[in-house]
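Please take these sequences and the hints and turn them into a complete structure.
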Amino acid sequence: MGSFRFLEILAGFRAIISFLIIVVIWQSVASLGLVPEKYFPSILAIAAGFRDMMMSGELVSAELRTISRALVGVAAASLLGIGLAVLGDLFPSFRRGFAPIAALVQPIPPAALVPMAVFMLGLGPKLYAFIVILVTVWPPYFNGAAALASVSDVQIRTGQMLGLSRWQILRQIKLPAAMPEIFAGIRYASSISLIAVVVAEMLAGHDGLGFLLIRKAFAIRIPEVYALMFVCAANGLIMNAVVNGLRWKFAGWQLRMTGQTA
Amino acid sequence: MDVVLEARQLAKAYGVGRDALQVLGGISFSVARGEFVSIVGPSGCGKTTLLFALAGLQKASTGTVTFNGRPVTAPPRGVAVVFQDYSRSLFPWKSNRDNVAFGMVRVEDLSSSQKRDKAQEMLEAVGLQGFEDKYPWQLSGGMQQRVAIARGLASQSELLLLDEPLAAVDAQTRADMQDLLLDLAMRFQQTCILVTHDVEEAVYMADRVVVLTRRPTVVDHEITIDLGKRRDQITTREDRRFLAARHDVMMSIRSSRTAAPVTAA
Amino acid sequence: MSTLRSRQNYSALVLPIVLLLAWQVLAWRASTPLFPGPWQVAVSIWRLYPQIVGQIGYTLMRAAAGFVVAAMVMIPLGILLGRLKSIGSVLEPILDMLATLPPPAVVPIVMLFAGTGDAAKIAVIAYAAGIPLIMNTYEASKTLHPMTTLVARSLRLGRLETMVFIDLPASLPMIATGVRLAVASALLVSVTAEMLLATNGIGVFLQRQQENFQIANGLAAIAFISIVGLIVNDLVQRLERRLLFWHYRLDLHNER
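Chains as they are written, first to last, in the numbering used here: chain A, 1 to 262; chain B, 1001 to 1265; chain C, 2001 to 2256.
Calculated from the structure, these hints are not laboratory results. Since this is a predicted model, take the numbers as computed values, not measurements. Quick reminder that beta carbons are idealized off the backbone N, C-alpha and C, glycines included. Any given hint could turn out to be false.
Unchecked claim - Within a straight-line C-alpha distance of at most 20 Å, the following computed EDC-like cross-link-like pairs (lysine to aspartate or glutamate) qualify: (1) K1094(B) <-> E2240(C); (2) K1094(B) <-> E2161(C); (3) K1094(B) <-> D1117(B); (4) K249(A) <-> E181(A); (5) K1115(B) <-> E2240(C); (6) K1115(B) <-> D1098(B).
As the list claims (entries may be wrong) - Output of the computed footprint for chain C on chain B, the stretches with three or more beta carbons under 8 Å from beta carbons of chain C: (7) 1065-1077; (8) 1083-1092; (9) 1100-1106; (10) 1223-1237.
Here's what the structure looks like:
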């Protein structure tokens, strides 16, 4: 019984332990010189690089740009996606007409659009908004359309019985019911948005984490490159946390229903 | 008496120390070759745990199981298990014939075409000729369970352990399957241990019924059924001796349910 | 009934056609080669067809290579980790962290290690495709029904045999979802890697076109990428339906 509690507590710290294991393995590989120091800097060197970038302010400004672009992009894309899904639910002919467009635009790699978009929209926020939205509107749209279409008949008929108009049924029954699945799409979209922003920054070559990555790489400042990769991964976690928080707010009922935690 | 399987003071507990749950208290009994033994008990008395321990699928906390004189630590050769959940026990990506043939995966001395033929034979024995190339999910529940039984027989088993095989099958099919099982046991000279919650089924099928108590489970008593090997769904179930045995078992289970907990025998 | 169907199919074309016309009108109004209309893009496709197909061949080859490498490593690894629960649960947070690292962010470091050749690109593609593969395979292996183990043991299968002959097929449905994501990812990252690590391929092609203000040609290349993506996706889905017939039919059976 005593060992049971200990194991439980241990499991809670699993993430930290795994992290520490990585750090230990990394450090040993670096110290043992198994891989040339050049390619595999020690943890200290990476931390030093991180600190340098923080002190010079370039990391903070790049990070702010990148994360703001990603967040704004996802927010706009989600709203747009939901709106299009609602439109498709209200007007089946729209949904059928939109489907081929969606099918053709969705596979386009964001990178492919960047040179053209830079040319047409300049290097400002419009560029990133365009790229991110074009890439991340699909998961919320597809999920939203599918979820709206599969709201249980029983729930819809309840609404009809209560005298709700078609619009009211959509707003008060269908949309809330579709929220969990829409949020699954938004979560996927948030991971894609980060990729899109970073790629756009790498290709547009102006500012942001992507640009910083390229610059440090060309300057062969390897510890900084690793530190930046780490920051990118951390950003992914931040985006996840934000989306999860919103999900708890808008679709928490489903989590509580299925006994999950945020 | 040629003892095929023997359990001695089989006990199983989950957890450690004060929070431990003693499921099996100390079960002892033996099964002779060619016997058909039913095991019944009140709900939750760990019948399935007992069967898995007998099969070598779970380790007992204390006590021993021997199969043909040798201790059981892992599923031994010659023992086949038919599980209650047939939909999960058969593999949906294999045809019925391949599923049955897969029962022989550990059999070395047959070529794969010989195994195919044997699988065919077994499927015919359980009445599924014509369904060899179909898939389990294309069959009804009772038919799927027949495939599972065919697989057990194909694996050159001497001892068939059946974990409530007919619990998830509809009543009419159940009667047919009971007779089929008895017929197959005789035809293929199988020793059978059937775990069931259905008292009538336990008495109908068995030469001997082992009645369990509730947790911590021990053997309450055993009843020999002297109704002969040939059973009939209608006449046997009306027989005076059947009804007496049934009465005996049901009274045991009822008193077990209401009695104070029994300590290890 | 069939007239309704064909009417529906025709009405689906309305929106795309309207948009295409609107685009063409805007292009006429702009009247500059820097804003081409659909007609010009079509002409570009016609003219550059052989070149585009050749270049996209490189892209596809690298995408395929990266995917195969990822599959051969990540699928067995995922099954193994799902079985060895202790090791799996320790590595899980690491996997989650890698999942949040965008593949493009890996390109600079790969470039420093491996240059800009095929190996570098394939490495990045393998990484991008590997993540959904291992996540899905691991999840599938982890959530295998406990009965699977019991049945395997009752048939006296060894651990390795169980993983290969039972865990793998049983996990295939979930792995298939991972494969779909991985294939799309491989294609996408292949193009992206080309744009960042130029040598050849459709990514380089369209980058050069756009840098030379040949917008119509660039759009032509993009259209091609899109169509190829669609075709590949469709092929993957068809393959999945054939291999996993037993899984899909399973659902139909229960509905009966």
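Going down the list of hints, with the structure as the test:
1. Restraint check for K1094(B) and E2240(C): the C-alpha separation of about 17 Å stays at or below 20 Å, so the hint holds.
2. For the given pair, K1094(B) sits about 16 Å from E2161(C) by alpha-carbon distance, which is consistent with the 20 Å threshold.
3. At most 20 Å may separate the alpha-carbon atoms for a hinted pair to count; K1094(B) and D1117(B) meet this at roughly 16 Å.
4. Taking the CA atoms of K249(A) and E181(A), the gap is about 14 Å. The hint holds against a cut of 20 Å.
5. Among the hinted pairs, K1115(B) with E2240(C) is inconsistent with the structure: their alpha-carbon atoms are about 30 Å apart, more than 20 Å.
6. A threshold of 20 Å between alpha carbons decides the hint, and for K1115(B) with D1098(B) the separation of about 9 Å falls inside it, so the pair holds.
7. Interface restraint, the stretch 1065-1077 of chain B with chain C: holds (3 residues with C-beta to C-beta distance below 8 Å; minimum three).
8. Check on the stretch 1083-1092 of chain B: 6 of its residues sit with their Cβ under 8 Å from a Cβ of chain C, so the three-residue criterion for coverage holds.
9. Here's how the stretch 1100-1106 of chain B fares: 4 of its residues keep a CB closer than 8 Å to some CB of chain C, so the rule of at least three is met and the hint holds.
10. With a threshold of 8 Å between beta carbons, the proposed coverage of the stretch 1223-1237 of chain B by chain C is violated, since 0 of its residues qualify and at least three are required.
Checked against the numbered hints above, the structure breaks hints 5, 10 and satisfies the rest.
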